[in-house]
Every structure is written in C-alpha cells, then in structure tokens.
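Model the full structure from these sequences, guided by the hints.
There are 2 protein chains.
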Amino acid sequence: MEKRLQKQLDFILEIDKEKNIFRQTHLSGHGRNENDAEHAWHMAIMAYLLKEYANEEVDIAKVIMMCLIHDIVEIDAGDTYAYDPEGLKSQKEREEKAKKRIFSLLPDDQKKELIALFDEFENYETAESKFAHAMDNFQPLLLNSSNDGGDWKEHDVSSDTVYGRQKKTALGSKRLYEVTDQILQEHIAKGHLKK
Amino acid sequence: MEKRLQKQLDFILEIDKEKNIFRQTHLSGHGRNENDAEHAWHMAIMAYLLKEYANEEVDIAKVIMMCLIHDIVEIDAGDTYAYDPEGLKSQKEREEKAKKRIFSLLPDDQKKELIALFDEFENYETAESKFAHAMDNFQPLLLNSSNDGGDWKEHDVSSDTVYGRQKKTALGSKRLYEVTDQILQEHIAKGHLKK
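Taken in sequence, the protein lines are chains A and B.
According to this note's numbering, the first sequence holds residues 2 to 196 in order.
According to this note's numbering, the second sequence holds residues 2 to 196 in order.
What the hints contain is simulated information worked out from the structure, not anything from laboratory work.
The reader is advised that the hints may include incorrect statements.
If several chains are the same, the list does not tell them apart, and a pair holds so long as it fits within one copy or across any two.
What the hints assert, rightly or not - Quick list of in silico lysine to aspartate or glutamate cross-link-like pairs, EDC-like style, CA-CA up to 20 angstroms:
#1 K154 to D60
#2 K4 to E57
#3 K63 to E53
#4 K191 to E123
#5 K52 to D11
#6 K52 to E3
#7 K93 to E121
#8 K18 to E96
So, in structure tokens, the structure goes:
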C-alpha cells in the first residue's frame with residue numbers, strides 16, 4: 002500500500018480512541034456519560050440544522066468539520082470539564098502536545114489542513130469558529146436541560162459559572178444565546194441551578 | 002419560542018437516542034460494541050480524508066451529511082446486522098416508517114431536505130451516495146480488521162458473505178475496494194475469516 006494511504010488509515014484507526022473519552026455530560030433520559038465522538042456528531046448535525054441562527058453567514062461545511070475534529074486532541078489530553086478551574090489551567094499545554102502527535106500521523110498536507118482547522122476553532126475569531134463554539138456550548142446544555150440540570154448539581158456549579166461560559170454563545174448566535182438564557186432562567190427558578 | 006426553532010430543538014433532542022443504538026462492530030483494541038452515532042462520526046471524517054479515492058468527483062459536504070444522518074432511522078428500526086438475512090428482509094419497511102416519524106419532527110423544509118438526503122443515500126445511484134456507502138462498509142472493516150476479525154468469528158460468517166457486501170465498495174472507490182480485498186485475503190490466510 003502506498004505510504005500516503007497507509008498514513009491516512011493509521012490516523013483513522015487512531016481517532017477511534019475518541020469514542021473512549023467520556024465527558025461530564027449525560028445522555029438524555031438520564032443516560033450514561035456521553036463520549037467525545039458522539040458529542041462531535043451531535044454538534045455537527047446541530048450546526049447544519051441551526052445555521053440560520055448564526056450571527057454572520059458561515060461556510061457550513063467548514064463549521065461541520067470543526068465540530069467533527071475539535072476534540073480529537075482529548076485522546077491524549079483527556080476531557081477537561083468546562084467548570085474545572087485547575088484542569089483549565091493546563092489544558093492548552095496538554096492539547097498542543099496532543100495536537101502535534103495525533104495530526105502528525107496524517108500525510109503532511111492533511112496534517113496542516115486539520116491543524117489549521119483546529120487552530121481556527123481554538124482561536125475563536127472567525128464566524129465559523131464562533132458558531133462551532135456556540136454548538137459546543139449549546140449541545141451539552143440541551144442534554145443537561147433535558148435531565149433537569151443533573152450535571153450542574155453533580156458538580157455543584159453556580160449560575161454565574163455557567164453564564165461565564167454560556168454567554169460566549171452570543172458571539173456565534175445571538176438568538177441561540179437568548180434561548181440559552183431562557184433555559185438557564187427556568188432551571189434557576191426550579192432550583193436545578195443555584196444562583 | 003417560535004415554533005420553527007422548537008421543532009428543530011425537538012428533533013435535535015430526539016436524535017440523541019442514536020447514541021443508544023449499538024452495532025455488531027467492536028471498537029479497536031477489542032473494545033465494546035460501537036454505537037450508530039460514533040460510527041456516523043467516524044465515517045464522516047473518513048469521507049473527508051479519503052475523498053481523493055472516490056471514483057468520481059463528489060460534493061464532499063453532501064457526502065459528510067449523508068454519513069452523519071444515514072442511521073437516524075435506526076432509533077426506531079434498530080440496527081440490522083449486514084449479514085443477517087432475516088433482518089434484512091424487513092429492514093426497508095421498518096426504516097421507512099421510522100423515517101416518516103423522526104424527520105417529521107423538523108420544520109417542513111428541513112424534513113424534506115433530510116429525507117431527500119436519506120433517500121439519495123438509500124438509492125445508491127449518485128456518486129455521493131456510492132462514496133458514502135463505501136465509508137459505511139470500510140469503517141467497520143477497519144475496526145474489525147484491527148480486532149483480528151472478531152466480529153466475523155462471532156457471527157460465523159463466510160468470506161463469500163462478506164465479499165457480497167464489501168464488493169459494492171468498488172462502486173464508490175475502486176482503490177478502497179482493492180485495499181478491502183487485500184485486508185480480506187490477509188484475514189482468510191490467517192484463518193480469521195472462513196473460506
């Protein structure tokens with residue numbers, strides 16, 4: 002087999018491991034913890050269906066690819082809970098190292114392409130990146146909301162902490178942030194999320 | 002909330018259930034059974050990385066969306082093992098019913114759009130559909146090959162049966178079928194797949 006195809010297949014088999022990286026979010030119906038691959042799949046379909054709510058026109062194929070690959074680094078770096086201040090401190094360094102190892106399995110042109118896409122997502126500057134991040138916030142919010150906010154209760158987070166992250170959804174979609182705000186207010190009123 | 006957005010969110014929450022539909026394929030490293038959402042995520046990234054091997058030029062964004070949504074009907078219809086003749090008989094009917102129920106949760110324009118995409122995949126006629134099907138065959142083959150063909154052994158399938166399905170990969174990608182053939186021959190030689 003030609004070296005190029007062998008490298009592509011090596012990468013493809015490597016990322017299978019993302020299915021074993023479990024997140025703090027639980028599936029709807031008070032299900033088990035969700036893994037990164039499922040989360041990325043869900044985000045990609047959401048991006049496609051909700052693109053009309055993006056603040057700016059987006060290249061939706063690019064958003065979808067960002068959603069699909071944004072957590073591959075967690076194969077080495079692990080999942081960092083969005084409301085874990087200690088984990089967040091070392092996250093960047095762990096993920097940079099993982100990025101180099103994992104994407105280097107690919108042929109050089111595809112390595113550069115996927116790293117550029119990952120970096121664009123991380124840099125949070127383009128319209129596509131902001132909308133993909135909105136999905137990254139909104140997807141677990143919908144699941145957690147369907148489970149009466151169980152993930153917030155488990156980690157004893159406050160509404161201020163949750164708003165600190167979720168408010169950035171407005172950078173990608175003002176409308177979806179309004180919905181986020183409405184959902185959070187309902188859960189605060191019901192006592193699912195402490196003030 | 003406007004009715005349109007409510008319908009979109011209802012559909013998004015409904016498809017979370019795809020993460021509970023488990024397949025016969027096992028994750029690499031002799032892992033647990035794979036679920037449909039993970040399988041779809043993996044296929045979508047594979048399609049993007051392997052598009053240069055498609056027989057014809059494909060609209061890769063369309064292929065990716067086909068990969069992402071092609072198993073949503075299994076939320077109701079369940080997974081039908083590729084080498085289960087009894088299950089395959091009733092598969093079409095079960096999946097048609099599921100298609101109507103699940104996609105009808107969406108606003109009408111998006112319902113039509115996703116059903117058209119699903120039907121295009123099922124009809125196996127366009128270049129995009131053929132390449133998406135090649136991914137649907139090649140993805141579990143790579144996992145099963147990495148696990149010494151354990152899934153074939155578990156179901157006691159013969160190489161004729163496996164070739165019956167896998168040969169259709171050539172309709173989407175002659176090169177990836179050559180690789181498929183090479184992998185199958187290696188497993189036959191090692192006794193992982195019976196003649």
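Evaluated hints:
Taking CA atoms no more than 20 angstroms apart as the test, K154 paired with D60 passes in neither setting, with 37 angstroms inside one copy and 44 angstroms between copies. When the C-alpha separation of K4 and E57 is checked against a cutoff of 20 angstroms, the pair qualifies neither within a copy, at 41 angstroms, nor between copies, at 22 angstroms. Taking the closest pair of Cα atoms, K63 and E53 come within 20 angstroms of each other both inside a single copy (15 angstroms) and across two copies (18 angstroms). Neither within a single protomer nor between protomers do K191 and E123 lie at most 20 angstroms apart by alpha-carbon distance, with minima of 34 angstroms and 45 angstroms respectively.
Within a single copy, K52 and D11 get their C-alpha atoms only as close as 33 angstroms, which misses the 20 angstroms cut-off; across copies the closest is 16 angstroms, which meets it. In this assembly of identical chains, K52 and E3 lie within 20 angstroms of each other by CA distance solely across copies; the values are 16 angstroms between and 39 angstroms within a copy. For the identical chains of this complex, K93 and E121 are intra-copy neighbours only, at 14 angstroms inside a copy versus 42 angstroms across copies, given an alpha-carbon limit of 20 angstroms. In this assembly of identical chains, the alpha carbons of K18 and E96 lie at most 20 angstroms apart only when taken from the same copy (15 angstroms versus 30 angstroms across copies).
In summary, the numbered hints that this structure violates are 1, 2, 4.
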